[in-house]
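Dock chain B against the given chain A, drawing on the hints supplied.
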Amino acid sequence: MRLKLKIWRQGGKYKGEFVNYELPDVNPDMSFLEMLDVLNEQLVAQREEPVAFEHDCREGICGTCSLVIDGRPHGPMQGTTTCQVHMRHYHEGDTIVIEPFRAKAFPVIKDLVVDRSAFDRIIQAGGYISVNTGQAQDANAIPVEKEKASKAFDSAACIGCGACVAACPNASAMLFTSAKVSHLTLLPQGQVERHKRVLGMVAQMDKEGFGRCSNVQACEAECPKEISVSNIARMNREFLAASLASEQE
Amino acid sequence: MGGLWVDYELMTTIPGLYACGEANFSDHGANRLGASALMQGLADGYFVLPYTIGSYLSKEISTGAISTNTPEFEKAEKDVLERIQQLTSIQGKQSVESFHRRLGKIMWDQCGMARNAEGLKQAIQDIRNLRKEYWSDVFVPGSTTEYNPELEKAWRVADFLELGELMCEDALNREESCGGHFREEHQTEKGEAKRDDDKFMYVAAWEWKGEDSKAELHKEPLMYEEVKVAQRSYE
Numbered sequence: 060m061r062l063k064l065k066i067w068r069q070g071g072k073y074k075g076e077f078v079n080y081e082l083p084d085v086n087p088d089m090s091f092l093e094m095l096d097v098l099n100e101q102l103v104a105q106r107e108e109p110v111a112f113e114h115d116c117r118e119g120i121c122g123t124c125s126l127v128i129d130g131r132p133h134g135p136m137q138g139t140t141t142c143q144v145h146m147r148h149y150h151e152g153d154t155i156v157i158e159p160f161r162a163k164a165f166p167v168i169k170d171l172v173v174d175r176s177a178f179d180r181i182i183q184a185g186g187y188i189s190v191n192t193g194q195a196q197d198a199n200a201i202p203v204e205k206e207k208a209s210k211a212f213d214s215a216a217c218i219g220c221g222a223c224v225a226a227c228p229n230a231s232a233m234l235f236t237s238a239k240v241s242h243l244t245l246l247p248q249g250q251v252e253r254h255k256r257v258l259g260m261v262a263q264m265d266k267e268g269f270g271r272c273s274n275v276q277a278c279e280a281e282c283p284k285e286i287s288v289s290n291i292a293r294m295n296r297e298f299l300a301a302s303l304a305s306e307q308e
Numbered sequence: 722m723g724g725l726w727v728d729y730e731l732m733t734t735i736p737g738l739y740a741c742g743e744a745n746f747s748d749h750g751a752n753r754l755g756a757s758a759l760m761q762g763l764a765d766g767y768f769v770l771p772y773t774i775g776s777y778l779s780k781e782i783s784t785g786a787i788s789t790n791t792p793e794f795e796k797a798e799k800d801v802l803e804r805i806q807q808l809t810s811i812q813g814k815q816s817v818e819s820f821h822r823r824l825g826k827i828m829w830d831q832c833g834m835a836r837n838a839e840g841l842k843q844a845i846q847d848i849r850n851l852r853k854e855y856w857s858d859v860f861v862p863g864s865t866t867e868y869n870p871e872l873e874k875a876w877r878v879a880d881f882l883e884l885g886e887l888m889c890e891d892a893l894n895r896e897e898s899c900g901g902h903f904r905e906e907h908q909t910e911k912g913e914a915k916r917d918d919d920k921f922m923y924v925a926a927w928e929w930k931g932e933d934s935k936a937e938l939h940k941e942p943l944m945y946e947e948v949k950v951a952q953r954s955y956e
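Protein sequence lines, in the order shown, are assigned to chains A and B. Going by the working numbering, the first residue of the first sequence is number 60, and it counts up by one from there. Going by the working numbering, the first residue of the second sequence is number 722, and it counts up by one from there.
Isolated chain A, as found in the complex (with noise of 0.2 Å):
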């Protein structure tokens, strides 16, 4: 299968721009980032500096992996990661425009790869629990019922992409932000840090740049986790509800 792609560059000798690429022998059973993989083999052939993208596990399960593949971020398909896009949704001749994430709290480092520390960030300012020293107790000592458990998992099923940051057309993290927020909330081991959590993540996404929620909805769209705009409900009750009852300024 041929194959024309136009993929954004940026760095070294590029000042940022699209540049086009063929791939002659596209095989239908790769993955998109293996077809990746042989572009950059074929372009260090010609002694071209490969295109910089980020991959891990492969397995649509660490969020390493980004790119906005035709508009899109994670490609075409529903609840995937870029890695488990396969080529044989593709067709002879097609074009694919691959753009990395875009979004002023998430800087380009080099062609497709940005910086996403923002989201560590966000972490850092109330994404833990407080665990005491000395003998961990029993795993089972703490009752949780089964319907929270339920959604606390759903909550936690959130990779930190930034698909739903490159989604918005306000480059929000709401979603990320929420999920984090519910999936600790949710939970007895949550409680102690519960209004210093939310009040920080929310101080600190804006401080990062993301922008605001105006419920278009875009982000549970292209999650790859189909994590819920329900968790940004959630997320504003218990924003709401610690701006009234937390002693924090």
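I should point out that these hints are in silico values taken from the structure, not numbers from a laboratory. Some clues are possibly wrong.
Derived EDC-like pairs: lysine to aspartate or glutamate, alpha-carbon spacing no greater than 16 Å straight-line [said to hold, decoys possible]: (1) K814/B / E100/A; (2) K874/B / D96/A; (3) K814/B / E107/A.
Same frame as chain A, but now just chain B:
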């Protein structure tokens, strides 16, 4: 297979350096199967480290910022810069990826679960030749002053070329079949693994002695006090 030695708090022999998950000795013995490796990561991260790492940090909390104006730091920095310079100045004809694949093929063919002396000797020779070729004909594109994944990969493959040879040396040295190491010369009539506990009841720890020198074997004997060592039978 194998893993780093750690104490009960998961600290390695280097003070302050902890190894958790499948990188350490492993609760399931030395196997590295997906599920048990994952479980070990979860157990270490959830049940062990939160309760042990504080013992080290509590003593370190009063230590201020550590200066980089020390001869050790300068030496380490110089070594790294030299290695980068060495890799990028070769400007050969073959990609890093192509060497990685060729090394993988040698390991797959000769150092898989079933291996024999003849194949391992051949593999060691092949890897040495491949390493020589690597350091004279690899092409690492891009700049050394910005993000460069090819340079990172080149560094890793250089390591793999040393580690791959060591794995073959270790497999050649262990004249028995045991666990994931099946030496074709050492099997029972029914094709089961044949151990030699008199000679090989030890964990091999190999010490790196420099680029072109043979690694030195340190034997850590396995001593069982409560358990009687026996042969596992699948029959």
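To see whether the hints hold, each was checked on the structure:
1. Of the pairs offered as hints, the one joining K814/B and E100/A holds, with about 12 Å between alpha carbons and a cut-off of 16 Å not exceeded.
2. Among the hinted pairs, K874/B with D96/A is consistent with the structure: their alpha-carbon atoms are about 13 Å apart, no more than 16 Å.
3. The hinted pair formed by K814/B and E107/A meets the criterion: a straight-line CA distance of about 12 Å does not exceed 16 Å.
Of the numbered hints stated above, none is contradicted by the structure.
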